[in-house]
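Asker: Residue-level listing of the chains:
There are 2 protein chains.
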Amino acid sequence: MNNERLNKYISLINNRLKELIPECDFGEDAVHEAMKYSLSVGGKRIRPVLVLEFCRICGGCIDSALDFACALEMVHTYSLIHDDLPCMDDDDLRRGMPSCHIKFGEEYALLAGDGLLTRAFGVIANSSVAKNNPLIAVNAVSALSYLAGCNGMIGGQVIDLKNEDKEVTVETLEILDRLKTGALIRCSAVLGCLCAQADENQTDACIRYAEKIGHAFQVIDDILDVTGDVKELGKPIGSDVCNKKSTYVTLLGLEKSEKLADSLTNEAISSIEYFGDDANFLKELAIQLIKRSN
Amino acid sequence: MNNERLNKYISLINNRLKELIPECDFGEDAVHEAMKYSLSVGGKRIRPVLVLEFCRICGGCIDSALDFACALEMVHTYSLIHDDLPCMDDDDLRRGMPSCHIKFGEEYALLAGDGLLTRAFGVIANSSVAKNNPLIAVNAVSALSYLAGCNGMIGGQVIDLKNEDKEVTVETLEILDRLKTGALIRCSAVLGCLCAQADENQTDACIRYAEKIGHAFQVIDDILDVTGDVKELGKPIGSDVCNKKSTYVTLLGLEKSEKLADSLTNEAISSIEYFGDDANFLKELAIQLIKRSN
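Top line first, the protein sequences correspond to chains A and B. Under the numbering used here, the first residue of the first sequence carries the number 1, and numbering increases by one thereafter. Under the numbering used here, the first residue of the second sequence carries the number 1, and numbering increases by one thereafter.
Bound-form chain A, shown alone:
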C-alpha cells in the first residue's frame, strides 16, 4: 500500500500528540508521564490515520484535521488504560509493554485516563478548526461525546462486563463490537468528514467503510487470538479462549470467521467506490488489515 502516505500520517500524529500533552504547571508529573507513556506505547494509530484520510478524500486539508485525529487517539488510549485496570480486564500487558497501572500504579493510571479524556475535548475546542468555524468543533465534540459515551464505546464495555464468562450469541457479539470497538472507528469518519465539510454522499460512504472495517477488525482480532504470534499480538495467544470469552472463532469456527472477515473487507471496499481511484489508500488499508490474519 501507499506506505509513504501512511508513514507521513503516523509521523504527523505522533509529533502532534507530543505537543498536545502540555508540561505540568506544578512540578507534579506522575500523571503527565503516565499519559505520555500510554500514548507512546505502540499502536497502529488506525483511528487518527483514518480521520486524516477521510478528511483528505472529502477534499479537506489534513493539517486542519490533525487535532481532531489526536483527540480521538487520546480517547482511544484512555479507554485502553481504564480497560486494563484490575477492576476491569486486569491486564498487565498492553501492546507487549507493561500496562499503565503496572508501570505507574493504579491511582495514576486512573487519573491518566481521566486526564486524556478531559484533554481530548479541549484539544478539539482549541484547534484551528474551532477558531475558523466553531460550529464544526461543536459538532465534533458532540459526536465524540456520543460515540465514546454510554450509548457508544462505554455502552460496549458494559455489555462486555455483563457477559463475562457467558456464552453470547453472534448478535450480541456484533452489538458489543459495534459499540466497544466500532463506535470510535465510526467516529474517525465523522470527525474527518466534519473537518472537510463533506457532503452527505461522501459522509455516508466514509461511515459505511468505517463500520465495515471496524467489524472486520474485531473478527480479525479474534482470529489472531488463535492463529497469531505473541509478539505481533502483544498478549498471550489463546487468552480469549482461556478466559472462556465468546469470540467469532468460538461461535462460528475459524473458517467461517475468515470468510466473514473477507466479506466485510469487500463490503468496506465497495462502500468507497464513490471516490474512484482516490480511495486506493483506504482500499489498501482494508486489505492490509485482513492480511494480519493470514
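Because the hints were derived from the structure by calculation, they are not lab data. Quick reminder that beta carbons are idealized off the backbone N, C-alpha and C, glycines included. Not one of these hints is a red herring.
Label-pair restraints from in silico Cβ distances: (1) 291(B) - 14(A): 49 to 57 Å; (2) 131(B) - 274(A): 26 to 34 Å; (3) 274(A) - 197(B): 41 to 49 Å; (4) 98(A) - 29(B): 29 to 37 Å; (5) 169(B) - 164(A): 45 to 53 Å; (6) 8(B) - 162(A): 39 to 47 Å; (7) 96(A) - 204(B): 45 to 53 Å; (8) 197(B) - 276(A): 44 to 52 Å; (9) 164(A) - 24(B): 17 to 25 Å; (10) 128(B) - 256(A): 47 to 55 Å; (11) 266(B) - 95(A): 54 to 62 Å; (12) 287(A) - 204(B): 55 to 63 Å; (13) 24(B) - 3(A): 37 to 45 Å.
Only pairs whose alpha carbons sit at most 30 Å apart, straight line, appear in this in silico DSS-like list of lysine-lysine: (14) 36(B) - 166(A); (15) 36(A) - 166(B); (16) 162(B) - 103(A); (17) 18(A) - 162(B); (18) 103(B) - 245(A); (19) 162(A) - 103(B); (20) 8(A) - 36(A).
We have chain A already, so just place chain B on it with the hints.
Answerer: Relative to chain A, chain B alone:
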C-alpha cells in the same frame, strides 16, 4: 438569604440533570443507574447554582446557562466517584450514602465516572447556547477541559496523592485546594460569564469571588472535620486528623483557621461590590457557607 431563588435554581438543576442522562439504548443499564444514583445523592449543587447566578448577575438568561451548569455538576460528580474508588481515597460513604462503587461495584463506578465526564462535554455541545452561538460553547468546552484537567482539578488530585501521609506547608495546601476544589468553582464563574457574554469587569469580579469562596469553602471543610456533626458532614468526624492529613486546622490551629475563613468570606463579598445590591444573593451565599462552620 433568598431561599426562594436558591430553591428555584436547585429545582431547575435537579430536573434538568434527570433529563440529561438519557435512557440506555441497549437495555444494559447498570452504568446509567450508577450515573443517576451519584448525581442524585445529595450535594448542595453549589457549582451549578453559581453558574446560574453568575450568568444572571452579568445580564444573561438563566435558562440558557442551565445546561452549562449541569455539565459542571456532572464533572464534579464524576470526580467524586473516581475519588472514592479503592485505589484513591477508598471511601465507602459519600454524603452519608454508600459510594458508587459500594453500591454498583468498582467496574461500574469507574465507567459511570467516565460516562459522566464524557457526557458533560456533549451536554455543552448540544445546548441551546451552542446552537445560537457556537463560539461560546467552544470556549466553555475549552475552559472546562482546562480547569478539570491535569493543570486543574486532576492536578490537585495528583498533589494530594503525592502528599498522602506527609505534613505539607500551608503554601502546598493552598495550591492543592486551588486546583482540587477551586478549579471547578472558578469554572462556574467562567461558564456563567461566558453564557451572559459578560464584559471583562464583570468576569474579573465573578472569578475573584469564586476563588475566594472556593478557598473559604476548603478552610471551612477542614474546620467542620473537627467541630461538625457526622450527619451534616456525611463522613466520620475527625477523619482527616485520623488519616494524618494536613489541613488548615492541623497547620494553623482552629482559631487562625476560623479567622482565615472569615477574611476570605469578606474578600469574596468585596470582590462583587461592583454589582451593588444585585450581588446580595452571592453575598448571602458566602455568609451561609461560613455559617456552616459555626
